[in-house]
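First to last, the sequence lines map onto chains A and B. The numbering of the first sequence is our numbering, which starts it at 109 and goes up by one. The numbering of the second sequence is our numbering, which starts it at 3 and goes up by one.
Hints were generated in silico from the structure; no laboratory data involved. In this text the structure is predicted, and so the values were computed from the model without any measurement. A few of these clues could be false.
[Stated by the list, open to error] Here are the in silico distance ranges between beta carbons for each label pair:
#1 Pro159/A to Leu219/B: 20 to 28 Å
#2 Asp111/B to Arg179/A: 26 to 34 Å
#3 Ala151/A to Leu262/B: 22 to 30 Å
#4 Ala148/A to Met334/B: 54 to 62 Å
#5 Ser538/B to Asp311/A: 19 to 27 Å
#6 Asn218/A to Val140/B: 19 to 27 Å
#7 His367/B to Gly361/A: 36 to 44 Å
#8 Met334/B to Arg174/A: 33 to 41 Å
#9 Phe117/B to Arg179/A: 22 to 30 Å
#10 Arg174/A to Phe117/B: 31 to 39 Å
Every residue, glycine too, gets a C-beta built ideally from N, C-alpha and C.
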Amino acid sequence: MRGILIPLMGSLGGMSSLMAVWFGGRLVAVGTISLGDFVAFSAYLGMLIWPTVAMGWVINSFQRGRVAMVRLQEILDLPPETDEGGGDMSITELHGEIEIRNLTVSHIENGPPALHNLSLRIGAGETVALVGPVGSGKSTVAEILPRFLRVPDGTVFMDGHDINRIPLSVLRRHLGYAPQEAFLFSRSLRDNIAFGLENPAADEVERAAALSGLSRDLDGFPAGLETLVGEGGVTLSGGQRQRTALARALVRGPRILILDDSLSSVDSETEQQILDGLEQSTQRRTTLLISHRLTTASRADRVIVLDAGRAVEEGTPGSLLAQGGLFAEMCRRQEVEGSA
Amino acid sequence: MKHGARGVSEESVLGKAYDARLMRWLWGWVRPHRHLVGLSIVLFVAVSGVQLVQPYLVMVAIDRYMLRGNVAGLNLIALLFLAAILGEFLFRSLEIYVMERTGQAVILDLRRALFAHLQRLPARFFDRNPVGRLVTRVTTDVESLNEVFASGVVTVAGDLVKLLGIIGVMLWLDTRLALVTFTVVPVMLALSLFFRVRMRDAYRRMRLCLARINATLHEALAGMHLVQLFNRQDRQYAEFEELNRAHLAADTGSVIYDSLFSAVIEWVGTLSVALIIWYGGREIISGAITFGVLVAFIEYTQRFFQPIRELSTKYTVMQAAMASSERLVALMAEQPEAGARTDLPASITGVTSSARGELTFENVHFHYQEDEPVLNGVSFTVEAGRKVALVGFTGAGKTTISKLLVRLYEPTAGRILLDGVDIRTLEPRNLRRRMGVVLQDSFLFRGTIAANITLDDPAITRRRMEEAACAVQADRFIRDLSGGYDHQVQSRGSNLSTGQKQLLAFARALAFDPEILILDEATSSVDPVTERRIQSALAKLTRGRTSLIIAHRLSTIVSADRILVLHQGLVHEDGTHAQLLARDDLYARLYRLQAGRESRK
Ligand SMILES: Nc1ncnc2c1ncn2[C@@H]1O[C@H](COP(=O)(O)OP(=O)(O)OP(=O)(O)O)[C@@H](O)[C@H]1O
Ligand SMILES: Nc1ncnc2c1ncn2[C@@H]1O[C@H](COP(=O)(O)OP(=O)(O)OP(=O)(O)O)[C@@H](O)[C@H]1O
Ligand SMILES: [Mg+2]
Ligand SMILES: [Mg+2]
Numbered sequence: 109m110r111g112i113l114i115p116l117m118g119s120l121g122g123m124s125s126l127m128a129v130w131f132g133g134r135l136v137a138v139g140t141i142s143l144g145d146f147v148a149f150s151a152y153l154g155m156l157i158w159p160t161v162a163m164g165w166v167i168n169s170f171q172r173g174r175v176a177m178v179r180l181q182e183i184l185d186l187p188p189e190t191d192e193g194g195g196d197m198s199i200t201e202l203h204g205e206i207e208i209r210n211l212t213v214s215h216i217e218n219g220p221p222a223l224h225n226l227s228l229r230i231g232a233g234e235t236v237a238l239v240g241p242v243g244s245g246k247s248t249v250a251e252i253l254p255r256f257l258r259v260p261d262g263t264v265f266m267d268g269h270d271i272n273r274i275p276l277s278v279l280r281r282h283l284g285y286a287p288q289e290a291f292l293f294s295r296s297l298r299d300n301i302a303f304g305l306e307n308p309a310a311d312e313v314e315r316a317a318a319l320s321g322l323s324r325d326l327d328g329f330p331a332g333l334e335t336l337v338g339e340g341g342v343t344l345s346g347g348q349r350q351r352t353a354l355a356r357a358l359v360r361g362p363r364i365l366i367l368d369d370s371l372s373s374v375d376s377e378t379e380q381q382i383l384d385g386l387e388q389s390t391q392r393r394t395t396l397l398i399s400h401r402l403t404t405a406s407r408a409d410r411v412i413v414l415d416a417g418r419a420v421e422e423g424t425p426g427s428l429l430a431q432g433g434l435f436a437e438m439c440r441r442q443e444v445e446g447s448a
Numbered sequence: 003m004k005h006g007a008r009g010v011s012e013e014s015v016l017g018k019a020y021d022a023r024l025m026r027w028l029w030g031w032v033r034p035h036r037h038l039v040g041l042s043i044v045l046f047v048a049v050s051g052v053q054l055v056q057p058y059l060v061m062v063a064i065d066r067y068m069l070r071g072n073v074a075g076l077n078l079i080a081l082l083f084l085a086a087i088l089g090e091f092l093f094r095s096l097e098i099y100v101m102e103r104t105g106q107a108v109i110l111d112l113r114r115a116l117f118a119h120l121q122r123l124p125a126r127f128f129d130r131n132p133v134g135r136l137v138t139r140v141t142t143d144v145e146s147l148n149e150v151f152a153s154g155v156v157t158v159a160g161d162l163v164k165l166l167g168i169i170g171v172m173l174w175l176d177t178r179l180a181l182v183t184f185t186v187v188p189v190m191l192a193l194s195l196f197f198r199v200r201m202r203d204a205y206r207r208m209r210l211c212l213a214r215i216n217a218t219l220h221e222a223l224a225g226m227h228l229v230q231l232f233n234r235q236d237r238q239y240a241e242f243e244e245l246n247r248a249h250l251a252a253d254t255g256s257v258i259y260d261s262l263f264s265a266v267i268e269w270v271g272t273l274s275v276a277l278i279i280w281y282g283g284r285e286i287i288s289g290a291i292t293f294g295v296l297v298a299f300i301e302y303t304q305r306f307f308q309p310i311r312e313l314s315t316k317y318t319v320m321q322a323a324m325a326s327s328e329r330l331v332a333l334m335a336e337q338p339e340a341g342a343r344t345d346l347p348a349s350i351t352g353v354t355s356s357a358r359g360e361l362t363f364e365n366v367h368f369h370y371q372e373d374e375p376v377l378n379g380v381s382f383t384v385e386a387g388r389k390v391a392l393v394g395f396t397g398a399g400k401t402t403i404s405k406l407l408v409r410l411y412e413p414t415a416g417r418i419l420l421d422g423v424d425i426r427t428l429e430p431r432n433l434r435r436r437m438g439v440v441l442q443d444s445f446l447f448r449g450t451i452a453a454n455i456t457l458d459d460p461a462i463t464r465r466r467m468e469e470a471a472c473a474v475q476a477d478r479f480i481r482d483l484s485g486g487y488d489h490q491v492q493s494r495g496s497n498l499s500t501g502q503k504q505l506l507a508f509a510r511a512l513a514f515d516p517e518i519l520i521l522d523e524a525t526s527s528v529d530p531v532t533e534r535r536i537q538s539a540l541a542k543l544t545r546g547r548t549s550l551i552i553a554h555r556l557s558t559i560v561s562a563d564r565i566l567v568l569h570q571g572l573v574h575e576d577g578t579h580a581q582l583l584a585r586d587d588l589y590a591r592l593y594r595l596q597a598g599r600e601s602r603k
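Hey, can you work out the whole structure from these sequences and the hints?
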């Protein structure tokens, strides 16, 4: 486009001079107009060129703008996840009771459901473990609670309120969520842990770090909490990254804590210390504990076993073990003695 | 500073518009296309030529034909004029085409070289450099070099020729009038200088802001779910807004100076026309010059100001290009991964074992950061065909050991031997071909499941790919996906569960049929039942293969021949499960915890 437009611009100017000389010159020659008229005429004609060419430019950039606008519009038109129309502003506090009723949900529209007709109840302050094979829908349950995954009305409740009616900011304020894959920002460890705090107090961050078993690692870092983390967390070990993400969730003192296999890269001793610490802390919270480690899951008050999106077993760890179903089999498989 | 050493410079400097070292570097890229550059300069001179002829023709038309009533002569002039216009159009189009082609060709070479170079950079480099910044290098910085061609900086020489041509013609037409006209030139230069400095500063700020906006945006988008989860939208927005405002301020500054500059130059141009009419008019009256000369002068001055006006734009473009070159030079100077080293003895004398796949760590020391040792003299041997497990507290350095094995990093002291050969003397490519590694973080690409397993390596048959998937029990879930092995995986595997991703990464390592298998928490996100199945399938598949298995879950390592416990940078325990239990140290502690023997509650 440029390749034609610029030379065209130049030639249009030339054309106007040509017309002036050829046609105007003739008029001067035969005496119809004076030379002064001719000069003035050429000058005016010259002035006309710019706007004409500019029109071309404008039309051209306008067209490009329109293409860009369509693309922007595609993004702007996506419905934001807001509370518009649905949010019940009178809800400001949550106690942490969760109930799921006959929920069937899938990640992609009209796709295969990740959860089938799932019903479960977690009382306020209870610790419930969610276990099950790969891809059985555990993380999907976790993602529903902060409403990362939209559920139909009347299927998920917190404190008896439909989750879709709880204002998003209220809902999320009460959640401490350590996702299965820990993502950290390229800031200091302190800033990463304090990510969810408005006005982080130093001791709050330190306490959360200690509770997440980071103390020993921090002692090894000369810069301690001010250590800068590489993008996404690349300069930490897998377990350090997970525990930082855990500290980030804990520092908010959440009413509901969701640990989505978030200690899978942590050794059992450190893991037990962390879980002991969490149990002993005075704060009352509901905990959803997802884990592939059955010794860990067995610490929960209750265990729910998912398989292919359905809850297949539910009960105290002891009763499930006695029942001899999937949970019992999983435990047996994880026995270290088996083939040692 | 611990991981604080931040790599490649931020876009902070926008220095000189000309720097001999950088020019030489740039020229290195332009050189292969110098015939194109030469051609476009020739074309540019041709354009200038036919442009310069035009006012002269007008002059002739006025003086010889209009004022003498010669209509036939006018027709001839009109024809010549038409030829000049057509010539201008033709040469100009060609010139722009050639110029942009050159730019594109140079950019293509540069992008290729950059990408190839990035692919050869060591892991350390990527620890320090955020993706957003590297993307800016390969896109924005390279683009700003393209501007050099698109804006015609290369033809600055042509511009000068053109200016000299105009000055020459004017002096030739009428020396005195020319000198009078030139009196505005110093004013013009002073103004240009004044504005140039200010425009440059505004421009520098603008680029800085833009780079920051890019980097912030990149990370904010990557971690958007966390921003939302932690209700950080307002603060994140405020951070973004601050950068945006700074950008707006810088942009406004440059626009103000830009428009002021144009207006002032326009005004000076008009002033010179007034001068010509004032002085030239008197000369016409006194008969010193003809009417046509006056008109031609007016036209020439207008053409005279255009290149001067453009010079300042070109100057800014050049400055930006220099700054970009500076950063690209720095990037290209990053030391690539070491290849096969020849300065080391290839093998320890006499002990080159004939067995395939024996791994030895000899007193290996390593740190990522100077003041923070990770390994303090690790020594162990994995006999060929043996399966050895590595356990230890989180952060003990297990992953580090697996990275050292494939030479993603190199030991700071001590050495690692493969079949008695120092791995630093091997070509990394050959070394890595022999090793199958499942990294702690599984990474999937956008594409089909099959492509993620085979990485599009034609040497891997469909059958082998499916066998690998079956061995790791991935076929169970793949069958349920629409399209099976042709199911589309989204970038980073976001439409699969974490365990599913891990299984695919595992299958990938197996499909390449490596001699040595390194599994770093390869089944940490897999349930026990599936894990047990994988183990029995693997037992058959990997019989006789050396394996190093890193795991926190002891059920993962039960089948190992030997277990190493890594603690405080050293191999703290080494023996079979039974031996280590008898030792009753760290391993025994971990074991009791996992067996649920430790008293609880
Ligand atoms: N790229 C890096 N740059 C700087 N330090 C690093 C880097 N990678 C790891 N470290 C540090 O090196 C130490 C050992 O890390 P490594 O990943 O080897 O531990 P690990 O034993 O695999 O732990 P985990 O069980 O948690 O995965 C940690 O303290 C970690 O912070
Ligand atoms: N974003 C997504 N789009 C489409 N399908 C998805 C998406 N996320 C998960 N799935 C599918 O939904 C099912 C349940 O996934 P989910 O992540 O809940 O499993 P999980 O029980 O957490 O497994 P794991 O133990 O591997 O973490 C899986 O079959 C998975 O492939
Ligand atoms: Mg999951
Ligand atoms: Mg690790």
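_Hints the structure fails to honour_ = Of the numbered hints given earlier, those the structure breaks are 1, 5 and 6, listed in rising order.
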